[in-house]
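Enquirer: So the chains spell out like this:
2 protein chains.
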Amino acid sequence: MITPTPAIILLSGGLDSATCLAIARDQGFAPLYTMAFDYGQRHRHELIAAAQLAADGAVREHRVIRIDLRQFGGSALTGDAAVPKDRDESQMSAAGVPITYVPARNTIFLAYALAWAEVLDAPNVFIGVNAIDYSGYPDCRPDFIEAFQRAANLGTKFAGRFKIHAPLIHLTKAQIIRRGTELGVDYGQTHSCYDPDETGAACGHCDSCLLRKKGFEDAGVPDPTRYHA
Amino acid sequence: MITPTPAIILLSGGLDSATCLAIARDQGFAPLYTMAFDYGQRHRHELIAAAQLAADGAVREHRVIRIDLRQFGGSALTGDAAVPKDRDESQMSAAGVPITYVPARNTIFLAYALAWAEVLDAPNVFIGVNAIDYSGYPDCRPDFIEAFQRAANLGTKFAGRFKIHAPLIHLTKAQIIRRGTELGVDYGQTHSCYDPDETGAACGHCDSCLLRKKGFEDAGVPDPTRYHA
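Order-wise, the sequence lines are chains G and X.
For the first sequence, my numbering begins at 1 and goes up steadily by one.
For the second sequence, my numbering begins at 1 and goes up steadily by one.
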């Protein structure tokens, strides 16, 4: 790419968003801007991982937006309920919208990304949503992403230029890990566990850990995750 | 209405949202929940007005959400540029997207309302946007509101039940004032000025004051606004 084409990447610090960042760089977007959200998560390890990933040389600026989703209640991720452990995939999907769902989270995240996009005039936003491995979150579905993009184009100066890139949306966890490994992502830097210990070591038993472990196995890639003893 | 039908009203403290609150009550929605945003406005008078309006007996809960839009820059309302004064309506509309536009503001506000709506299971949200008197804001247009509603239904558990009510969208300022006056709104409690003095008295010269003044004149309703000497 000759002309600089900036992009904003929603960077949670997890495996998916780290891969998204690598894909945006590989596709030639530059400079890159990353955005993380401090939304009253139970633990800070995700935010620390995001900051480390953003220390990548291709990132011009990393912003942490503090938003208080905890005041709305209603999710295990913000401390209102226990994180489920050792469920198999049929249990995860049979449960419908998971207890770890945070109300309207991706809508709020994309709204903030849109605001920053408009100020930077950077109408390309990357989000690491995935509809395959874990389809219980309604705000990870392709039709939601398309509908939000349409609303965003109507509600801003972009008038059609705003584009949400969701390059992982149809990939399995194993495919994501293989793609990221090709692009040099250090997954040891990423954090996925819903319930880590105080050192940031993963529990190995929550839905997120189980899907991640299985992803590395299926991909045939060594799992660099540090688990509790 | 026999069954309680709760609604959330985005309440800025201005004339429009105060009228919206009265319309929601008149339409039989109950209980009512109101939501204001502290987004780094230049002044606090709007938030004080919102809290006073929410002291209305029909409001079960008033929430003030602190969000930092100022860090994105780009608007006279958050202190980055001078508020324009004494423009006529042709100047206001000729200027395109006005300097008082805050990037993606209504998208962010509606995203938070959606989160609260999902937690309360209260899928009716009222917003006082208006496309007639001042059409320079892209996020006040009916097609944006419809597109956001569609995205919200896809991205949450509501699956079609979420509805954004924008009862003022096709009304002139004078029609809004007449409707609110019929419903008993005390417009002396509302705040519209972009550049008030420290006591909260309106400047009388910014776009918002000029449109408001003209609205009272056209409606034939005495203007209760307190202006600077």
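Do not rely on the hints blindly, as some may be mistaken.
Quick list of in silico lysine-lysine cross-link-like pairs, DSSO-like style, CA-CA up to 27 Å [as the list claims (entries may be wrong)]:
#1 G:LYS85 / X:LYS157
#2 G:LYS85 / G:LYS214
#3 X:LYS213 / G:LYS214
#4 X:LYS163 / G:LYS157
#5 X:LYS85 / X:LYS213
#6 X:LYS157 / G:LYS163
#7 X:LYS214 / X:LYS85
#8 G:LYS163 / G:LYS85
#9 X:LYS163 / G:LYS163
Just the calculated beta-carbon pair ranges, DEER-fashion [as the list claims (entries may be wrong)]:
#10 G:GLY28 / X:ILE48: 32 to 42 Å
#11 G:GLY188 / X:ALA51: 16 to 26 Å
#12 G:ASP186 / X:ALA30: 25 to 35 Å
#13 X:ASP86 / G:ASP186: 51 to 61 Å
#14 X:HIS170 / G:HIS228: 25 to 35 Å
#15 G:GLY28 / X:VAL221: 33 to 43 Å
#16 G:VAL119 / X:ARG66: 47 to 57 Å
#17 G:ASP197 / X:LYS157: 29 to 39 Å
It should be emphasised that the hints constitute simulated quantities derived from the structure, not laboratory data.
Even for Gly, the Cβ is constructed at its ideal location relative to N, Cα and C.
Enquirer: Please go over all the hints and tell whether each is borne out by the structure.
Expert: Verification of the supplied hints:
For a cut-off of 27 Å, the pair hint linking LYS85 of chain G to LYS157 of chain X stands: about 23 Å separates their Cα positions. Proposed proximity of LYS85 of chain G and LYS214 of chain G is supported: the alpha carbons are some 15 Å apart, at most 27 Å. Taking the CA atoms of LYS213 of chain X and LYS214 of chain G, the gap is near 65 Å; set against the 27 Å cutoff, the hint is violated. Proposed proximity of LYS163 of chain X and LYS157 of chain G is supported: the alpha carbons are some 25 Å apart, at most 27 Å.
Proposed proximity of LYS85 of chain X and LYS213 of chain X is supported: the alpha carbons are some 14 Å apart, at most 27 Å. Taken as a hint, the LYS157 of chain X and LYS163 of chain G pair is honoured in the structure, with Cα atoms around 25 Å apart against an allowance of 27 Å. Taking the CA atoms of LYS214 of chain X and LYS85 of chain X, the gap is near 15 Å; set against the 27 Å cutoff, the hint holds. Restraint check: the Cα-Cα separation between LYS163 of chain G and LYS85 of chain G comes to about 36 Å, which exceeds 27 Å; the hinted pair is violated.
The straight-line distance between the Cα atoms of LYS163 of chain X and LYS163 of chain G is roughly 25 Å, inside the 27 Å bound, and the hint therefore holds. In this structure, GLY28 of chain G and ILE48 of chain X break the distance hint of 32 to 42 Å, their C-beta atoms being roughly 50 Å apart. Taking 16 to 26 Å as the suggested C-beta distance range, the pair GLY188 of chain G and ALA51 of chain X does not conform, at roughly 49 Å. Between ASP186 of chain G and ALA30 of chain X the Cβ separation comes to about 55 Å, which falls outside the hinted range of 25 to 35 Å.
About 58 Å separates the C-beta atoms of ASP86 of chain X and ASP186 of chain G, a value consistent with the hinted range of 51 to 61 Å. For HIS170 of chain X paired with HIS228 of chain G, a C-beta distance near 59 Å fails the hint of 25 to 35 Å. As the Cβ distance of GLY28 of chain G to VAL221 of chain X is approximately 59 Å, the hint placing it in 33 to 43 Å is violated. For VAL119 of chain G and ARG66 of chain X, the Cβ-Cβ distance of about 19 Å falls outside the hinted range of 47 to 57 Å, so the restraint is violated.
Range check, ASP197 of chain G to LYS157 of chain X: Cβ separation about 32 Å, and the 29 to 39 Å hint holds.
Hint check: violations occur at hints 3, 8, 10, 11, 12, 14, 15 and 16; the rest are consistent with the structure.
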